[in-house]
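These protein sequence lines map, in sequence, to chains F and P. 1 is the number of the first residue of the first sequence in my numbering; add one for each residue after it. 1 is the number of the first residue of the second sequence in my numbering; add one for each residue after it.
Don't take each hint at face value.
Said to hold, decoys possible - Here are the simulated BS3-like pairs of lysine-lysine, each with C-alpha atoms no more than 25 Å apart in a straight line:
hint, chain 1, residue 1, chain 2, residue 2
1, F, Lys98, P, Lys70
2, P, Lys70, F, Lys37
3, F, Lys5, F, Lys106
4, F, Lys106, P, Lys70
5, F, Lys38, P, Lys14
6, F, Lys5, P, Lys57
These are calculated hints, taken from the structure and not from any lab test.
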Amino acid sequence: DQQVKQNSPSLSVQEGRISILNCDYTNSMFDYFLWYKKYPAEGPTFLISISSIKDKNEDGRFTVFLNKSAKHLSLHIVPSQPGDSAVYFCAASEDFNKFYFGSGTKLNVKP
Amino acid sequence: DGGITQSPKYLFRKEGQNVTLSCEQNLNHDAMYWYRQDPGQGLRLIYYSQIVNDFQKGDIAEGYSVSREKKESFPLTVTSAQKNPTAFYLCASSIYRINSPLHFGNGTRLTVT
Chain F
1 DQQVKQNSPS LSVQEGRISI LNCDYTNSMF DYFLWYKKYP AEGPTFLISI
51 SSIKDKNEDG RFTVFLNKSA KHLSLHIVPS QPGDSAVYFC AASEDFNKFY
101 FGSGTKLNVK P
Chain P
1 DGGITQSPKY LFRKEGQNVT LSCEQNLNHD AMYWYRQDPG QGLRLIYYSQ
51 IVNDFQKGDI AEGYSVSREK KESFPLTVTS AQKNPTAFYL CASSIYRINS
101 PLHFGNGTRL TVT
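One chain only, chain F, in its complex shape (with noise of 0.2 Å):
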């Protein structure tokens, strides 16, 4: 059963607009989350993370909000770019030991 879910497996936005990736999550006892870019044949980069203790962390152009009551976390993009064009991943962990994923959601900005 997954524990880490992004239910959107696809999202078009025209560049210089805003990008909102959306994941959920079941696990309560989750106390990290974490966002990583992808792109094909590479590993995963890691973007932006925000503690349980936290509900918004900001870096540059890229926002991580989380909701603890709905289980809920979303990642802004602002403005988006051409180069943003990735799979973007979720992950949650609990005590920093084993980090689910979510399925990943493919960011497409068009020019």
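Dock chain P against the given chain F, drawing on the hints supplied.
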């Protein structure tokens, strides 16, 4: 330049043969992990190791084996018992402390025919 090296990038084997995938890191990380990615699916955990000479099964360990004799190295053997071995295999490492992300290698694409 620190990082995680997986070799080879592409690997082809005949069904029934065991094959070992290499993973080396020079980040001085304590923990190392093996994940498998199949098309349209997320990354699934095969094995992980938090210290040398110790490792734990992940969610899909059947048909795989690992060793952790050195801090820098965590090789994965795909045995003939693994029913669907063709996949993209990713090795990762972390500092193994609170709020530390995984860092990934560039993966090995294994094709078994």
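How the hints compare with the structure:
Restraint check for Lys98 (chain F) and Lys70 (chain P): satisfied, since their Cα atoms lie roughly 21 Å apart, inside the 25 Å limit. Taken as a hint, the Lys70 (chain P) and Lys37 (chain F) pair is broken in the structure, with Cα atoms around 29 Å apart against an allowance of 25 Å. At roughly 14 Å between alpha-carbon atoms, Lys5 (chain F) and Lys106 (chain F) fall within 25 Å of each other, so this suggested pair holds. Among the hinted pairs, Lys106 (chain F) with Lys70 (chain P) is inconsistent with the structure: their alpha-carbon atoms are about 37 Å apart, more than 25 Å.
Proposed proximity of Lys38 (chain F) and Lys14 (chain P) is contradicted: the alpha carbons are some 29 Å apart, above 25 Å. For the hint linking Lys5 (chain F) to Lys57 (chain P), the alpha-carbon distance of about 22 Å falls within 25 Å, and the restraint holds.
The structure fails to meet hints 2, 4, 5 from the earlier list, while all remaining hints are met.
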